[in-house]
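Visitor: Protein sequence lines correspond, in order, to chains E and P. Each residue of the first sequence is one higher than the last, beginning at 15 in the numbering used here. Each residue of the second sequence is one higher than the last, beginning at 193 in the numbering used here.
These aren't lab readings, by the way, just hints derived from the structure by calculation. The beta carbon of each residue, even a glycine, is placed where N, CA and C say it ideally should be. There may be inaccurate statements among the hints.
[Stated by the list, open to error] Between beta-carbon pairs, the in silico distance windows are:
no., chain 1, residue 1, chain 2, residue 2, range
1, P, 245, E, 128, 30 to 38 Å
2, E, 63, P, 248, 40 to 48 Å
3, E, 351, P, 248, 45 to 53 Å
4, E, 206, P, 248, 40 to 48 Å
5, E, 214, P, 247, 27 to 35 Å
6, P, 248, E, 26, 54 to 62 Å
7, P, 245, E, 351, 38 to 46 Å
8, P, 248, E, 127, 33 to 41 Å
9, P, 245, E, 371, 52 to 60 Å
10, P, 247, E, 129, 29 to 37 Å
[Claimed, not checked] Selected chain E positions facing chain P (in silico; Cβ < 7 Å):
no., residue
11, 167
12, 225
13, 228
14, 232
15, 253
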Amino acid sequence: MQSAHAEPGSFRDPSGHIWHLDNRIFRTVKGDACEFFKAATKSGLFDVPFVHGGIVNTTIVEDTSIIDQIDDSFELLLEHDKVGLVNYPYEWCFDQLKEAALLHLEILREALDRDIMLSDASAYNIQFCGTTPYFIDMLSFRPYREGEVWNGYRQFCEQFLHPLLLQSELGVPFNNWFKGTLEGISGQDLVKLLPLRKKIKPKIAAHVWLAATLQKNAAQQNLQKMAAKETRQTLPKASMRNIFVSLYNWISKLSLEQGKKSAWSDYDKNNSYSDQEASAKTAFITRAVKESKPETVWDMGCNSGQFSEVCLTAGAKNAVGFDFDLKTVGIAFQRSKDKKLNLLTLNQDLANPSPAHGWAGTERKSLMARANADMTIALALIHHLVIGRNIPLDYFAGWLVSLAPEGIVEFVPKNDPMVQILLQNREDIFTDYTLENFEQALSQHAQIKRSDVITEDGRTLIHFVRNER
Amino acid sequence: MNRFSFILVAVFLSSVPAHAYLDAGTGSIIAQLIIGGAAGFMVVMKLYWHKIKSFFPQRNKDETDRPE
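Produce the complete structure using the sequences and hints provided.
Guide: See the structure below:
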């Protein structure tokens with residue numbers, strides 16, 4: 015049994031903190047927030063069937079054996095359902111951020127109808143569990159004050175609207191920018207990038223350009239004091255509700271340009287292996303998953319999620335698929351939604367995964383620190399990292415084994431057409447890139463349980479089990 | 193200063209560099225009041241549209257369709 019420990023990233027709100035105990039998630043609550051939570055519960059807000067996800071299931075803890083273990087000052091202890099791998103907005107694809115934005119607006123609207131307001135509009139308050147976004151910050155709810163302005167508006171724009179517009183209007187993915195700032199994309203930065211014909215679109219002019227221009231000019235004319243005076247009790251409730259509804263209608267229509275394909279989006283159909291080889295792959299993975307019964311599988315380089323689905327069909331409880339190509343993350347997300355898979359899809363460049371950052375470098379965890387897999391699959395990934403990114407073969411082997419107690423890795427030999435493409439415009443400095451060397455590197459850290467050659471040119475699947483540490 | 197002139201002054205000022213002690217929410221607060229005003233205006237328009245319509249004399253469709 016582990017002792018209770020506070021979540022280092024949960025410090026911004028003084029009315030409570032997240033605690034971990036025995037693989038369960040608790041939240042301490044004190045002060046007015048206790049009454050606010052009870053009032054929100056009573057209002058029925060937590061029972062609303064939202065279209066785009068939900069509010070995380072939360073119960074009041076009365077068990078004193080748990081309460082006594084939590085070393086914090088609080089008046090109320092809540093327990094949240096666990097949502098699996100913690101994920102951040104800069105790891106989501108466009109459609110995921112859009113779903114999260116729509117859920118947030120739905121909650122705002124339903125809350126306002128019950129005279130409840132949300133104290134902020136942080137995208138980090140939403141977590142994806144499979145394909146479903148859940149709102150997780152139960153301390154955000156407080157009573158609505160007649161005539162108040164929407165305090166979370168700027169944060170909503172910076173963390174939802176602007177990143178979505180950056181991608182839908184300009185075709186630039188928001189992820190790396192969002193990862194750099196953590197707080198999203200400011201209106202002033204976005205306005206600089208938008209051409210005039212986009213800036214004058216009425217909704218962009220209203221929600222992006224106007225606020226950015228006012229903000230830019232606010233310092234000189236002492237507008238702050240005037241704004242403070244102006245904003246006292248001035249936004250009618252119906253107007254606020256209208257802003258929520260119009261943002262909802264607008265965002266639900268935002269989409270990426272159709273018809274543009276990434277190099278990977280047709281990989282399912284146009285890859286270099288035959289149906290027979292695909293079924294050999296499926297059989298190998300199915301057997302390994304049935305033997306090992308993993309709860310969580312990480313699919314490193316998941317592409318369209320085809321083999322994540324194989325793992326789930328073979329009995330894995332949930333899967334997380336990572337890919338560096340945002341289009342394929344979008345496709346995998348759609349597959350997961352359509353087929354109702356328990357597959358969480360996230361954007362990661364595996365040669366440069368999400369770092370630890372935020373305050374004191376502990377607020378947002380690195381991907382490696384969040385590792386929760388029982389098994390990994392890394393199919394046709396090795397050449398991208400070893401040849402494409404110059405990661406030494408033994409580094410790759412050590413890293414892969416460190417992720418989970420066991421895994422399946424596909425070795426792609428140098429004569430494979432896909433490897434030849436990677437090598438065609440560069441000097442071949444990868445003389446040690448052979449199956450023998452890879453197996454040797456792997457056996458430094460793990461036992462090779464089974465190995466099968468699945469293509470004529472020698473693509474090989476290896477099921478390994480990590481050595482006891 | 194009334195709100196309208198306040199907004200005009202705010203929007204059409206020459207640009208100045210943002211300053212470090214500026215509350216980052218000022219622009220968004222004023223913007224939503226303007227947007228809220230427009231949205232509120234639309235609601236009023238919808239609510240009273242039939243009254244506005246009936247204010248203007250209209251040729252009744254039934255009348256025009258009536259055979260001579």
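Visitor: Does each hint fit the structure? Answer for all of them.
Guide: Against the structure, the hints:
1. 245/P / 128/E: 30 to 38 Å: Given a distance of about 35 Å, which is inside 30 to 38 Å, the answer is holds.
2. 63/E / 248/P: 40 to 48 Å: holds (44 Å)
3. 351/E / 248/P: 45 to 53 Å: holds (50 Å)
4. 206/E / 248/P: 40 to 48 Å: With Cβ atoms ~45 Å apart, the hint holds.
5. 214/E / 247/P: 27 to 35 Å: holds (32 Å)
6. 248/P / 26/E: 54 to 62 Å: Since the Cβ atoms of residue 248/P and residue 26/E sit about 55 Å apart, the hinted range of 54 to 62 Å holds.
7. 245/P / 351/E: 38 to 46 Å: Cβ of residue 245/P to Cβ of residue 351/E: about 44 Å, so the range 38 to 46 Å holds.
8. 248/P / 127/E: 33 to 41 Å: Hint holds: Cβ distance 35 Å, inside 33 to 41 Å.
9. 245/P / 371/E: 52 to 60 Å: Holds, at about 58 Å.
10. 247/P / 129/E: 29 to 37 Å: Hint holds: Cβ distance 36 Å, inside 29 to 37 Å.
11. 167: holds (5 Å)
12. 225: Holds: closest Cβ of chain P sits about 4 Å from residue 225/E, inside 7 Å.
13. 228: Constraint on residue 228/E satisfied, holds at 4 Å.
14. 232: holds (4 Å)
15. 253: This hint holds: residue 253/E lies near chain P, its Cβ roughly 4 Å from the closest one there, short of 7 Å.
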